[in-house]
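Asks: Chain by chain, the residues run as shown.
2 protein chains.
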Amino acid sequence: MTTTPKFQYKCNDCGATYNPLEIQYMCPECNKKNTANQPPKGVLKTIYDYESIKQQTFDSLKSRGFLDLLPIKNSESLPNLAIGQTPLYTLDKIDNEETEGTILIKDDAQNPTFSYKDRASAIVSAYAKEQEINTIVTASTGNAGSSLAGICAAQGQQGIIMVPASAPVAKLTQILMYGATLIPVDGTYDDAFDLSIKATEELGWYNRNTGFNPLTIEGKKTVAFELYEQMGYQAPDRIFVPVGDGVIISGVYKGFEDLLKLGLIEKMPTIVAVQSTGSDNIARNLSNSEFVVKQSNTIADSISVDIPRNYHMAKNFITSYNGEAIAIEDNEILEASYKLSKNTGVFAEPAAAAAFGGLLHYKKHSKLDKGSKNVVLLTGSGLKDLKAVQKMIQIPAPIMPNIDNLKKIYHD
Amino acid sequence: MTTTPKFQYKCNDCGATYNPLEIQYMCPECNKKNTANQPPKGVLKTIYDYESIKQQTFDSLKSRGFLDLLPIKNSESLPNLAIGQTPLYTLDKIDNEETEGTILIKDDAQNPTFSYKDRASAIVSAYAKEQEINTIVTASTGNAGSSLAGICAAQGQQGIIMVPASAPVAKLTQILMYGATLIPVDGTYDDAFDLSIKATEELGWYNRNTGFNPLTIEGKKTVAFELYEQMGYQAPDRIFVPVGDGVIISGVYKGFEDLLKLGLIEKMPTIVAVQSTGSDNIARNLSNSEFVVKQSNTIADSISVDIPRNYHMAKNFITSYNGEAIAIEDNEILEASYKLSKNTGVFAEPAAAAAFGGLLHYKKHSKLDKGSKNVVLLTGSGLKDLKAVQKMIQIPAPIMPNIDNLKKIYHD
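Residue numbers (full-length UniProt numbering), protein chains in the order written: chain A, 1 to 412; chain B, 1 to 412.
Please note that the accuracy of each hint is not assured.
Claimed, not checked - To spell it out: a stretch of chain B is covered by chain A in this simulated footprint if at least three of its residues, at any positions, have a beta carbon under 8 angstroms from a beta carbon of chain A; those stretches are:
| hint | region |
| --- | --- |
| 1 | 75 to 85 |
| 2 | 123 to 136 |
| 3 | 398 to 410 |
Unchecked claim - Far from chain B, by Cβ distances over 12 angstroms, these chain A residues were calculated:
| hint | residue |
| --- | --- |
| 4 | Thr-57 |
| 5 | Asp-92 |
| 6 | Ser-146 |
| 7 | Asp-330 |
| 8 | Ile-395 |
Hints in this document: simulated from the structure, not taken from any laboratory. Being a predicted model, the structure only gives us computed values, none of them experimental. Where a beta carbon is used, it is the ideal one built from N, C-alpha and C, also for glycine.
All chains should be modelled from the sequences, with the hints used to inform the complete structure.
Replies: Right, here's the structure in full:
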């Protein structure tokens with residue numbers, strides 16, 4: 001029995017469509033013309049038969065784990081781990097000041113490996129399982145790698161993680177603890193990326209590289225379905241998303257675009273791409289016809305990217321749906337990180353706190369509309385990157401443990 | 001209108017009962033006789049009117065957030081954070097070997113500050129709010145302090161955290177990021193403990209010290225209610241709990257004891273206290289009439305305790321309910337940590353992995369009953385203590401990023 005595939009791939013750039021008869025990464029035509037110094041064209045978007053899916057209610061889609069809107073056959077292919085369904089917190093005040101709109105904090109550090117990347121790894125891993133592929137490779141600067149390693153551990157798959165040798169030891173530790181194979185390369189993230197693709201071509205390992213594998217976007221889109229439900233079956237007005245290579249923001253857009261196509265929402269939320277001024281290769285190029293690279297230098301290592309792998313799709317989404325973009329200084333990111341923890345009890349890594357920094361910037365410039373609902377997407381735990389914030393804090397000198405000393409401190 | 005208090009305190013040691021007319025920590029009579037070198041007597045147990053609560057079903061108790069079984073008046077006093085309701089995962093195999101019984105992993109790293117301690121901090125903080133107290137102090141070696149700091153941030157309360165100056169910088173960073181006041185003392189955890197109590201007496205700060213404040217046990221018991229529900233309204237056969245000062249294990253016991261008194265379970269699960277041989281001051285003393293201290297030295301810093309603050313209650317529980325105790329070597333803890341991550345995708349701190357080590361020990365000695373259900377309680381994220389496991393792993397040397405090098409590694 002042959003079944004019609006429930007989804008198609010559509011090239012973000014040339015618009016060609018492909019049936020998923022076999023594993024497919026980029027659009028082969030566009031990919032041929034890609035060069036090393038420009039963001040790649042040919043990232044694929046996954047398209048479903050929205051007209052037929054429309055017959056179902058959101059709750060019925062949810063009861064089936066959104067399987068109709070995911071490129072896998074069976075929910076049982078997913079890892080036995082609680083992925084997604086992360087908390088959404090309402091924040092009324094910041095530093096005791098009321099804000100114009102409502103602020104909602106989506107805490108995706110509450111995932112098995114403590115980052116948003118688990119959403120992508122889970123779908124990629126499930127797909128591999130359905131294709132009976134046991135080895136999955138990815139290039140990573142840290143979070144994607146530790147996520148894939150953790151998800152592979154849960155699935156009994158072999159994760160192979162290629163990292164630049166300079167990657168932080170903390171993230172490498174996590175990768176090794178999950179039993180994955182770690183391959184540090186003497187080079188950059190881009191070198192690791194290219195090597196992983198060669199390994200896929202020549203050794204047959206399934207490739208999870210972000211953007212390059214279109215399923216990463218499909219995994220990352222699930223946050224939109226959750227937000228829609230958590231907010232009472234509506235989209236927020238604005239969503240602040242930390243942006244590096246443009247895959248997470250494309251995932252968020254894609255999720256809401258699915259909801260739009262299903263007629264579940266009437267208009268897209270305004271999505272704000274937040275970057276660091278030290279790595280603003282998407283925000284800075286939005287209005288340029290040619291992409292001009294600026295070398296990255298930011299403390300927010302998860303969003304430090306020279307050539308954003310999903311630049312073109314992110315740009316398409318932002319321009320099609322009237323998105324916004326902003327770049328903030330590293331010191332604003334650090335300050336946002338502190339303000340966020342202090343006001344909410346949610347400790348996020350600097351890259352994630354950048355999204356909160358974007359919101360603070362909007363607040364300061366009175367750009368939050370009265371009565372509006374503004375989501376801040378936090379993509380990873382603060383425990384993943386302590387070094388950056390340690391520059392900002394100072395551990396007090398020890399005191400002798402007697403009450404008179406303490407009173408002196410508190411009553412002088 | 002005066003209302004009858006819904007709970008009473010009962011001294012674990014002399015049995016005296018007290019009405020909670022004001023804030024109460026230890027039994028004053030027993031506390032008078034306490035000395036520095038022995039575990040304190042007089043920790044209070046919180047007792048409810050079980051006969052009247054019995055009228056309700058478990059689901060109706062749950063729908064009210066178990067408020068009938070908690071020492072607070074109002075669920076709205078609790079922080080606006082997702083505390084507890086953590087995942088329970090079933091593990092069928094370890095290293096591809098089937099186990100005799102079913103293994104269930106309770107992942108309490110999935111809490112706002114990434115540790116079990118949030119359960120206690122939440123109840124303490126809510127109680128303080130109801131008493132209109134804004135400042136909460138605790139002595140801590142790290143996790144309890146970062147938990148209280150995070151919960152206070154969410155509640156708009158002032159957390160004051162006293163730590164030995166030697167506490168790991170990672171945990172201190174988290175405390176400071178939450179905006180708490182950090183007071184390192186030139187001394188041990190015990191010195192910090194004593195100073196925090198003096199501060200409570202002389203400066204009026206509410207005290208969260210574990211065990212000393214009976215509400216910490218009440219907060220920690222909530223895991224029992226969750227397990228009961230997650231396992232289909234029954235208790236597991238065995239629960240492996242990492243043990244340091246004896247408060248978490250007492251919390252787990254207390255929760256199941258509540259269920260027993262309500263007639264919801266017929267017998268207590270067998271609780272296994274797992275310690276490190278480098279810090280086994282509860283396990284080693286269980287059959288002694290006199291407590292003999294051995295100085296602690298273990299890599300599992302969250303369960304490294306000389307004088308367990310809740311020794312007597314833990315011992316009472318273990319002996320009354322036929323509990324078991326085991327001490328395992330540090331290298332078994334490290335190995336357990338690796339096996340756990342590798343087999344499940346759940347990365348826990350060494351103290352937590354000790355519980356899994358206990359289970360592995362039982363498995364190895366064929367002490368898991370066929371068909372039995374065995375829960376392993378994981379109390380904190382592996383990201384909280386990377387140093388310990390870094391001794392065990394080795395980051396491979398970088399390779400030049402070309403495919404021939406890679407093939408050599410994979411085909412030689």
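Asks: The structure should be examined with respect to each hint, and the outcome stated for every one.
Replies: Do the hints match the structure? See the list:
no.: 1; hint: 75 to 85; result: holds (count 4)
no.: 2; hint: 123 to 136; result: violated (count 0)
no.: 3; hint: 398 to 410; result: holds (count 10)
no.: 4; hint: Thr-57; result: holds, 25 angstroms
no.: 5; hint: Asp-92; result: violated, 9 angstroms
no.: 6; hint: Ser-146; result: violated, 8 angstroms
no.: 7; hint: Asp-330; result: holds, 16 angstroms
no.: 8; hint: Ile-395; result: violated, 5 angstroms
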